[in-house]
Amino acid sequence: DAGITQSPRHKVTETGTPVTLRCHQTENHRYMYWYRQDPGHGLRLIHYSYGVKDTDKGEVSDGYSVSRSKTEDFLLTLESATSSQTSVYFCAISELGQGRLDEQYFGPGTRLTVT
Amino acid sequence: KQEVTQIPAALSVPEGENLVLNCSFTDSAIYNLQWFRQDPGKGLTSLLLIQSSQREQTSGRLNASLDKSSGRSTLYIAASQPGDSATYLCAVRTGNQFYFGTGTSLTVIP
Chain A
1 DAGITQSPRH
11 KVTETGTPVT
21 LRCHQTENHR
31 YMYWYRQDPG
41 HGLRLIHYSY
51 GVKDTDKGEV
61 SDGYSVSRSK
71 TEDFLLTLES
81 ATSSQTSVYF
91 CAISELGQGR
101 LDEQYFGPGT
111 RLTVT
Chain B
1 KQEVTQIPAA
11 LSVPEGENLV
21 LNCSFTDSAI
31 YNLQWFRQDP
41 GKGLTSLLLI
51 QSSQREQTSG
61 RLNASLDKSS
71 GRSTLYIAAS
81 QPGDSATYLC
91 AVRTGNQFYF
101 GTGTSLTVIP
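As they're listed, the protein sequences go chains A and B.
Note that the first sequence covers residues 1 to 115 in the numbering used here.
Note that the second sequence covers residues 1 to 110 in the numbering used here.
Calculated directly from the structure, the hints in this document are not laboratory data.
Be aware that a few hints might be false.
Claimed, not checked - Straight-line alpha carbon distances no greater than 27 Å define the calculated DSS-like cross-link-like pairs of lysine-lysine that follow:
(1) K42/B <-> K57/A
(2) K57/A <-> K1/B
(3) K11/A <-> K42/B
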């Protein structure tokens, strides 16, 4: 299995509080992604990173920010959590090249509940 | 914007049957297509990756095909087993972004 961990694995927070989710990889892959998964919507890309300090928006980036100061860590921050951000958040990694390096590998997920 | 559709949304088959899952996408300018499996409450596990220049990939009882020009991929599962019960997702890579279908929930009945 690809070395991807997410922390915390579960979190309950109140509306209006800031929340930071962490993704850590040991594969030295260049690309890292944050997704959210909701019933009826599948997985939707929030933000992605293509290198240290290089990030870009995905399909559903409003209300989220990210940072990547080291190759191995990609942080997702909800500046002021809302109930609509209750979801399961997945981190993924990949490379760009040929062969199996192109595959996207996923972390175990973080279940976030905003009350 | 790339749209990815998976039909059917749910499928139930008796053990031992061969089955086909479908994935279609609207923009044929893809870099690759990947099939995943997701068990309830778990993350995604990669099954097969097909590069845009390839027609198919095989792994054990799984075979995935890609017809880029028509915007379609199929995942063929041979001799299905109860352990194959899961949700199967396809994803296409366009540029630096991935677009996912909403999945097919497969139940294999012993």
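Here is how each hint holds up against the structure:
1. K42/B <-> K57/A: Answer holds: K42/B to K57/A is near 25 Å, not above 27 Å.
2. K57/A <-> K1/B: holds, 14 Å
3. K11/A <-> K42/B: holds, 16 Å
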